[in-house]
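Read in order, the letters of the sequence shown are residues 1 to 193 in full-length UniProt numbering.
The hints are simulated quantities; they were obtained by calculation from the structure and are not laboratory data.
Each hint should be verified, as a subset may be incorrect.
Said to hold, decoys possible - FRET-style restraints, in silico, Cβ to Cβ:
1) D108 - G185: 32 to 38 Å
2) A110 - I133: 42 to 48 Å
3) N62 - T38: 26 to 32 Å
4) F179 - T5: 28 to 34 Å
5) R186 - K54: 31 to 37 Å
6) G185 - T6: 43 to 49 Å
7) P47 - D148: 18 to 24 Å
Predicted model, so just to flag it, every value in this text is computed and none were measured.
Built from N, CA and C at the ideal position, the CB exists for glycine as well.
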Amino acid sequence: MTRLTTAEKILRAAHRLFDREGADAVTMRRVADAVGITPMAIYRHFPNREALLKRLSDDSFNTVAHEWEAHSRSPDVLQRLMALGEPYLDYALAHPHLFDHAFSVRRDDARRYPEDFRARRSPTFNVGLDAVIEGMAQGVLKQDDPYDVMMTLWAQQHGLIALYRAGRFSYDEAQFRAFYLQSLGRLIDGIKA
1 MTRLTTAEKI
11 LRAAHRLFDR
21 EGADAVTMRR
31 VADAVGITPM
41 AIYRHFPNRE
51 ALLKRLSDDS
61 FNTVAHEWEA
71 HSRSPDVLQR
81 LMALGEPYLD
91 YALAHPHLFD
101 HAFSVRRDDA
111 RRYPEDFRAR
121 RSPTFNVGLD
131 AVIEGMAQGV
141 LKQDDPYDVM
151 MTLWAQQHGL
161 IALYRAGRFS
171 YDEAQFRAFY
181 LQSLGRLIDG
191 IKA
């Protein structure tokens with residue numbers, strides 16, 4: 001069994017606090033208490049709280065990106081685009097605080113559309129973008145700006161999740177999941193060639 005480094009222990013403790021209670025719960029003191037170190041010891045690994053939160057956010061993006069990659073193996077581009085919507089919804093519902101920090105909260109270090117996305121700085125966006133580009137190259141999807149198309153797909157998914165989490169649907173989770181996937185299917189039908 002591999003022994004965790006202090007930095008890894010700090011990240012795990014911060015992640016648990018964040019996941020349960022949100023960003024405000026991630027204080028150097030609470031993280032240090034959870035790890036069994038002094039708050040000052042954290043600064044050897046992370047220069048400040050913002051750097052720790054940024055790392056948690058980056059890790060969230062990477063987790064979603066890995067999930068998307070796992071669902072992007074289908075040779076059928078349309079099936080792949082549909083499958084990409086599920087891990088995004090799963091992550092949002094299972095980890096609402098991390099999801100919000102990564103995708104919904106205004107942050108100075110957040111990626112901006114279009115420049116950061118066109119520079120392929122978003123690990124999550126890139127997975128869907130590659131499917132859209134492939135679909136256009138195969139003639140399965142209408143020719144358009146693939147970045148704008150992918151942003152439209154993402155915005156639709158994100159908007160539905162935000163509305164559901166804000167209590168704007170009377171659906172239970174299973175009903176919402178079915179509606180979410182039907183809605184994504186309608187949008188994909190609209191961009192088919």
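Verification of the hints:
1. D108 and G185 have their C-beta atoms about 36 Å apart, which keeps the hinted 32 to 38 Å range intact.
2. At roughly 24 Å, the beta-carbon separation of A110 and I133 lies outside the given 42 to 48 Å, and the hint is violated.
3. Separated by about 29 Å at the C-beta atoms, N62 and T38 satisfy the suggested range of 26 to 32 Å.
4. Between F179 and T5 the beta carbon distance is about 44 Å. The supplied range of 28 to 34 Å is therefore violated.
5. Against the hinted window of 31 to 37 Å, the Cβ-Cβ separation of R186 and K54 comes to about 36 Å, which satisfies the hint.
6. In this structure, G185 and T6 meet the distance hint of 43 to 49 Å, their C-beta atoms being roughly 47 Å apart.
7. At about 37 Å, the CB distance of P47 to D148 disagrees with the hint of 18 to 24 Å.
Checked against the numbered hints listed earlier, the structure breaks hints 2, 4, 7; every other hint is satisfied.
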